[in-house]
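Trainee: Since chain W is already given, all that's left is putting chain X on it; use the hints.
Quick note, the sequences are listed as chains W and X, same order.
Read in order, the letters of the first sequence correspond to residues 1 to 387 in this note's numbering.
Read in order, the letters of the second sequence correspond to residues 388 to 1446 in this note's numbering.
One or more of the hints may lead you astray.
Straight-line Cα separation of at most 20 angstroms, EDC-like style, residue types lysine to aspartate or glutamate; simulated pairs [unchecked claim]:
id : chain 1 : residue 1 : chain 2 : residue 2
1  : X       : 1017      : X       : 982
2  : W       : 234       : W       : 269
3  : W       : 220       : X       : 577
4  : X       : 1168      : W       : 116
5  : X       : 1038      : W       : 92
6  : W       : 145       : W       : 134
7  : X       : 980       : X       : 897
8  : X       : 580       : X       : 630
9  : X       : 1038      : W       : 97
10 : W       : 141       : W       : 97
11 : W       : 331       : X       : 982
12 : W       : 94        : X       : 970
13 : W       : 110       : W       : 269
14 : X       : 467       : X       : 428
15 : X       : 1036      : W       : 97
16 : W       : 220       : X       : 1165
Quick list of the computed label-pair ranges, beta carbon to beta carbon [said to hold, decoys possible]:
id : chain 1 : residue 1 : chain 2 : residue 2 : range
17 : X       : 1109      : W       : 240       : 28 to 38 angstroms
18 : W       : 298       : X       : 510       : 28 to 38 angstroms
19 : X       : 1025      : W       : 57        : 35 to 45 angstroms
Covered by chain W, according to a simulated footprint, are these stretches of chain X (three or more residues, beta-carbon under 8 angstroms) [claimed, not checked]:
id : segment
20 : 794-803
21 : 961-970
22 : 986-992
23 : 1039-1045
24 : 1135-1141
25 : 1210-1220
Simulated from the structure, these hints should not be mistaken for lab results.
Glycine residues also receive a C-beta, built at the ideal position from the N, C-alpha and C atoms.
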Amino acid sequence: MKLVNFMMVILLMGPFAVDGFAQVSSQESHQPEHVEEVSHYTCGMHPSVKVTPENYAKGDTKCPICFMPLTPVKKGGMVEEKFDANVISKVEIKARELKLAGIKTEQVVKRHLFKEIRAVGRVAYDPQLAIAQDEFISAVKAYYKATQGEIVEIIDRAASMISSSKRKLLLLGLNEDQINVLEQTQEVEESLILPGKRMWIYGNVFEYELNWVKKDSYVKVRPLSFAGEEFFGKVVSINPVVDPLTRSVRFRALVENPDEKLKPEMYVDVEIMSQYTDPDGNEDVLSIPKSALLDTGRRRIVWVVKGKEKFEGRLVEIGPESISHADQLLKYYPVLKGLKEGEHVVTKGNFLIDSQSQITGVVSSSYGGALEPAEPKGSMKGSGHKH
Amino acid sequence: MINTIIKSCLKNRFLVLTTFALLVVFGFSAMRQTPIDAIPDIGELQVIVYAEWPGRSPQDVEDQVIYPLTTGLMGTPKVKVVRSSAAFGFGLVNMIFEDGTDYYWARTRVLERLDFAKKDMPADAVVTLGPDATALGQIFWYTVEGEDYGLDELRSIQDWYVRFQLTSVEGVSEVASVGGYVKQYQVDVDPNKLLAYNVSLLHVIQAIKMSNIDVGAKVFEEGGLEYVVRGLGFIKSIEDIEDIVIGVHEGTPISIKDIGGVALGADFRRGALDKEGREATGGVVLMRFGENPLEVIKRIKEKIEEISVGLPEGVKIVPFYDRTRLILDSVHTLTSALTQEILITVVVILIFLLHFWGSVIISIVLPIGILIAFILMKQFGVDANIMSLGGIAIAIGVMVDSGCVMVENIYRKLALKSVEKKGQTLTRAERLDVCVQAAQEVGRPVLFALLTTIVSFVPVFVLTGQAGKLFSPLAFTKTFAMIGAAIIALTLLPTLCYILLRGRLLRIEDNKMAKLLHQGYRPFLQWALKCKKIIIIISVCVFVLGLGLGSVMKQEFMPPLDEGDLLFMPVLLPGASLTQVMEIMQKQDIIIKNEFPEVERVVGKLGRAETSTDPAPVAMIETIVSLKDKKHWRPGMTRAKLIEEIQEKTKMPGVSPIMTQPIRNRIDMLATGIQTPVGIKVFGPDLKEIEKIGIQLEKIVSKVEGAVSPYAERIGGRSYFEMDINRKQAARYGIHVQDIQDLIMTGIGGMNVTTTVEGRERYPVRVRYMRELRDNPEDLKRIFVPTRWMWRNSPGPAQIPLAQLVEFKKVPGPAMILSENTMPYGRVFVSVDQSKIGLVDFVADAQKVVQEEIQKGNVQIPPGYFITWSGQFEAEMESRKKLLPSIIIALAVILILLYIAFKNFSVLAILAGVLPLSLMGGVILLFLLDFRFSTAVWVGFIALFGVATDNAVVLLSTLEQLFKEKMPKTITDVRQTVIEAGLLRVRPAMMTTMTTIIALLPVMFSTGSGSEIMKPMAAPTVGGLVTATLANLILVPVLYAWIKERQIKRLSKNNLDNS
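Only chain W is shown next, with the shape it has when bound in the complex (with noise of 0.2 angstroms):
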């Protein structure tokens, strides 16, 4: 009799037991839903590991590299759709994780860029100019002169005092038609020894800078000794030699100066400003801001908004980098190839939406993401790799 109570009792526990551990089934009960939706497991910083929910649920829950717990990637984020050439990863993510997330996006427009020169300068002070200048003025005085009277002596003379002080002038630095307006005003640029309206500006630019430094590009001068003063102007000429003791080259700038601050020999920080033409020779350039950018050194990608919380990771060819000329602190990039103008561009966040899409996207075969280098061709086709 009292075996067959003791009997019931283990019956009646039973249940009661279960209802124990209620905690404990209700985690595993879990499970089933989210195989359903899960596409395969990964992990956060190795991307590239992936595992399928079969053999996530036979106890492959752990990255192999750095043991971190894998998280699950559902099926919702992927984007069943094919590449085009220069497309190499999408991916959708939903609205409140970009808002959280801070993503910022730009449209992609027309502007003109500039190329931005730093080098530094001083204020010209430069009598050795201004005493070649008078010979050449007075070269040319007496070449009329000459040829008032008709001896062709004097005029050969006088006329070759012209093309030797020329020289000269040519040599210091000044250019045809400096030359040719300083013959006709016949005037000694006084700003070359005295403080004056106008300075000329000396500053050197290195050999692999000359590129941008062209004939009236902008210049903006700010003198060391007064902080946040600036001096505008224009490049006037280049120097034809590069300078063997400093390596450089000099360029001519004549800076307005209305309060005469700027006295010769002062140091300067110049800022030459070139307009950036494309290939093609246009100045309204399609640009995007750097930040857009994401350059892995192999590739350069932009991630481009394609509808509601869908973007598409995009390859493009661009240019130097460039400063507005609305907004000199924003830098740019002119875009080459890639982009059309009116799309809009991820500027803040691309980093992530890029990690994401390595997570959860459809990469194209060739990407390892923005960080990962390339693979061989159908490595990532192991039997245990699901995309």
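Mentor: Only chain X this time, still in chain W's reference frame:
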């Protein structure tokens, strides 16, 4: 021998009592002194050597620091393997020692070697031995907070005041700072001005270095006094730096302020702390190896109290992770389970014995037995934690068994004797005699039971790897408790019985409980003996059912332990910038704090705390989420749901929300090597080649039967911006590579050129180009390198821009470089579907296939490269190598013991038939409760095995004894004797099993920290004992009767034939 012990104990009762009194005192002190932690350290025994080389790329750290370091450290005695990793700005060498090596001995050996290994280091690389703490060492985290203070000020308070004071606390190994800004004097140099004044950056550095020194110049005497002479010249303020002269330019001195600005700023950092959306600064306390965390935390808190007085107005130290709660919780879970167990056991004994003093005597086994276990734990260096206390918890029910047997026998004999004397009180001498006799009778069985339980636990002792580290404390404590119980049963209990069991003792037959049991059991057994076939069929069915269920159950290594606090670990891809990660961390912390009423506190850390036990990269956030007590939770909220909700609400693109737990994560972070079942290591000098081979192997292995998601590690992960020096160009200008490199290092990277000494505090002075002039590739081009030789009549060296000397490249590169025994390696990880193929077989297959492919030339392994096979299968092979023999030995020893006891093979056969049935009960219960097979479960089964054997043995020995006495000749006689033996044993058998089962119920119903591991361990015993008891009380007599009846039948047949 046992008999003499029992006898002499009973004769020297006073001595026994005082000895035990002393043991109790000793046990209490041992219990108080035993270090208590939540879980045992399952990490490998490792000594970490930490090398810091600020600002250097992983590749540089690997080539110039880690490689020479590891070559020097190789050959340290008792080292299993030397693994190293080189990351951005630092590297770690993990020296993994053989298990059982003394920790401090190992550290000394490493230190010896380190002295020698350091000789090839670059001068500015700092190599130190990690703190003498393990992964479990991070017991206390705090923030230093103050409303009106800047992060740099708070960090200064932490670095120069709080940190050193807390380090002085006994038991603390290291206090590491984290978060905030380290104050730094920043000299930002404008390269244009350098160019204008024609001075080089190196001049600037030289000038600063030469302007920061105090000297002493002995003494002079004046008027009988001695004056100590000092020259004062330490930099103390920004002005001091601004006025440092660099050179003279055309007659005017040029000082620092002419070529740049000086400001107080923040040193470069690789870690930050955030408290609920506000940046914070704080520290982590690392406990010394082997200390008692509870005590250490207590002392830390006392110290904080002490030093709080000295903190500036409004500054306070606020803890945000404190191990105490977890430890107390898990200890509480177990102690409350233990007390409940003890109470329940006492009640059960009382019910079965229906004698107050008898119950008291048996129950006394528990407290004293546990105290003895603690004494032994202290002697053997076993710490108190969930596992070791768990060992005691699962021992409770079994511990009283020997006591029950002993007391029950003495009681029975005394009762018999008093019946013989017709109710007259027994004299002292008579009582003593009876006690000695009765105790001696059961002395051997008690010892025997002890031996079988200990022997059956031998396989647990030989477990290796993590499982071994986790379960050996449990195996130890259970054994200790059993030894304690046996000692008490053999020495103290007879003495107590003699003293306490007086007066009129009811005969067993008159005991109401016994009567009830007999009434129930007798008819049932009679019926069973008649219908043996039905019983056997039912048994076979149960057995098959258990087998079937067992084969479909899921497996896992270990049930996860609930640590109370959560560690939310969102990670980004390596290469994410600190600013980006910081933004994410702050947003997430705010959400977690504001949207979850369950959350008490959220403190996030990104990157590293400044300790070698924290190798986290900047892209990794570790947020400690402290939860409120469960009663403050929203109704219906569970831990699992909460985790899911947090992950959902904080979801951001590119961020993987991993949720783990603080201690568990620390152990994982410090684990090295391959943690998948199988792994292939590709060794070789070039990472790219390693990767190529790895990917080829990945493809090959994926075709091998049973392979699951093979994965070859990819080396990329970080962007490098490389400046490749064009030597021809540099030569043209007469510039050395070093000239360029110095500029790259200081101009771009910035360099701490000297350290100010301001009283107790020290701050670095850093020289660097102005931020906007070095922050992007375009500006880097305009970093000027002075030429070494002057050109003809030039006034000074020419300054050449970097753009003309180097080639700039952006390239992807490794985020971390791993090597083992000095050789870089890449890993191919393979999981194996073990339902299809065994691990060891799989490895053999895969090795063969790979070998074939190599021979065919499909995989090319260039000279200098090689592959090895590794992974958890090694541990499994090793375990198997030890486990199998140990199980065989354990079984053999038990069988030999049984044979010695019975000298009868048919009894062994019955046991062999009954034991599997007992195990199946465990399987069925596990299935009902939806537990998975884990090591914990296996340990539970091993525990069950011992108990089930003991129970069956007791019944069988009684059967044997009765049959020897009565020599039944007919089938009815046989059945009669069997029933008699059964009735004799039903009470003690029920008592022992019921105590064990019911004693484990508190464990089964517990919910606190630590219950996750204890439940699966207790379940097999509970379930198994139910079937074991039924099998024992029904199947054993049935089988025994069956054998005896057949013998008799054969005998009578022979007799008939003969006659």
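Trainee: Hinted pair, alpha-carbon criterion (20 angstroms max): residue 1038 of chain X, residue 97 of chain W. Please report holds or violated.
Mentor: Distance ~6 angstroms between residue 1038 of chain X and residue 97 of chain W Cα, so the pair holds.
Trainee: The hint says 35 to 45 angstroms between residue 1025 of chain X and residue 57 of chain W; measuring C-beta to C-beta, is that right?
Mentor: violated (21 angstroms)
Trainee: Does residue 982 of chain X lie within 20 angstroms of residue 331 of chain W when you go C-alpha to C-alpha?
Mentor: Outside the cut-off at roughly 39 angstroms; violated.
Trainee: Would the pair residue 234 of chain W and residue 269 of chain W pass a check requiring their Cα atoms to be no farther apart than 20 angstroms?
Mentor: This hinted pair holds, its Cα atoms lying about 14 angstroms apart.
Trainee: Given the hint that residue 141 of chain W pairs with residue 97 of chain W, does the C-alpha gap stay at or below 20 angstroms?
Mentor: violated (78 angstroms)
Trainee: Please check whether the segment 1210-1220 of chain X has three or more residues whose CB lies within less than 8 angstroms of a CB on chain W.
Mentor: holds (count 4)
Trainee: Hey, residue 1036 of chain X versus residue 97 of chain W, does the alpha-carbon distance stay inside 20 angstroms?
Mentor: With Cα atoms ~9 angstroms apart, residue 1036 of chain X and residue 97 of chain W stay inside 20 angstroms; holds.
Trainee: For the segment 1135-1141 of chain X, count the residues whose Cβ lies under 8 angstroms from any Cβ of chain W; is that count three or more?
Mentor: Check failed, 0 qualifying residues.
Trainee: Given the hinted pair residue 110 of chain W and residue 269 of chain W, is their Cα-Cα distance within 20 angstroms?
Mentor: violated (30 angstroms)
Trainee: So if I understand the rule, the pair passes when the alpha-carbon distance is 20 angstroms or less; does residue 580 of chain X with residue 630 of chain X pass?
Mentor: holds (16 angstroms)
Trainee: For the segment 1039-1045 of chain X, count the residues whose Cβ lies under 8 angstroms from any Cβ of chain W; is that count three or more?
Mentor: holds (count 7)
Trainee: Please count how many residues of the segment 986-992 of chain X have a CB within 8 angstroms of a CB from chain W and say whether that reaches 3.
Mentor: violated (count 0)
In this structure, the earlier hints numbered 7, 10, 11, 13, 19, 20, 22 and 24 are contradicted, and the remaining ones agree with it.
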